[in-house]
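Undergrad: Given the coordinates of chain U, assemble chain Z onto it according to the supplied hints.
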Amino acid sequence: GAGVSQSPSNKVTEKGKDVELRCDPISGHTALYWYRQSLGQGLEFLIYFQGNSAPDKSGLPSDRFSAERTGGSVSTLTIQRTQQEDSAVYLCASSFISEGAYEQYFGPGTRLTVT
Amino acid sequence: AQSVSQHNHHVILSEAASLELGCNYSYGGTVNLFWYVQYPGQHLQLLLKYFSGDPLVKGIKGFEAEFIKSKFSFNLRKPSVQWSDTAEYFCAVNAKIKAAGNKLTFGGGTRVLVKP
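The listed protein sequences correspond, in order, to chains U and Z. Just so you know, this note's numbering puts 90 at position 90 of the first sequence, and the rest follows in order with no gaps. Just so you know, this note's numbering puts 1085 at position 85 of the second sequence, and the rest follows in order with no gaps.
Hint data in this document are derived by calculation from the structure and do not stem from the laboratory. Every value quoted in this text rests on a predicted model; they were computed, and no experiment measured them. Do not take every clue at face value.
Only pairs whose alpha carbons sit at most 27 Å apart, straight line, appear in this in silico DSSO-like list of lysine-lysine [to be verified]:
#1 Z:K1061 / Z:K1115
#2 Z:K1049 / Z:K1078
#3 Z:K1049 / U:K57
#4 Z:K1115 / Z:K1078
#5 U:K57 / Z:K1096
#6 U:K11 / U:K57
Here are a few chain U residues that face chain Z, going by a calculated C-beta distance under 10 Å [stated by the list, open to error]:
#7 A31
#8 Q37
#9 Q50
#10 S58
#11 L91
#12 A93
#13 Q104
#14 F106
#15 P108
#16 G109
Yeah, the Cβ is synthetic: ideal placement off N, Cα and C, and Gly gets one too.
Bound-form chain U, shown alone:
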């Protein structure tokens, strides 16, 4: 079946501009996660959506970062007033949460370069 998809695959933007990154999770998965993979910081959790619950935003690095998930499916991560340190690969993952075991399935990522 189809996996997690993300768009765009690459994004180059100028410092100070806003960007939107999109994630389409696996159909039926109730949970959606955003992570960031950068050279200096490795893989970091950003935000987590589960069903209709309030999202866990504890990993967002600043208030320039926000995300929403519409209709319990597609999610958009928005970075306002981008800075060079925002350059990274932004990964989306989804999972089906049930009692006990689960695993997260990752998308290919969006490589963001801020010039």
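TA: Chain Z in isolation, oriented as in the chain U frame:
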């Protein structure tokens, strides 16, 4: 908060050699443990996972990992590597408490290069 450390940043070995990658986590409670792999040009995929039960878990492609609770470790092993095992390997932990949600904390990754 939990943290994960992977002891080796880079490993170079020849085909048929045995591989062991170390992973230690810091968290006093119960955890779920994972190893993910990222092959060149591909996205992260799950190698194996531990939730409960037998601490020796087997994953895809001949990999296995052993959870040693007393050592807070979840080391990855493969008896005989192939050139196709060249990849970056990530250990990850999720604390089994509601406050942690289901977010994963990752180690820094280990780049493995297998020479043909």
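Undergrad: Looking back at the numbered hints, which does the structure fail to meet, lowest number first?
TA: none
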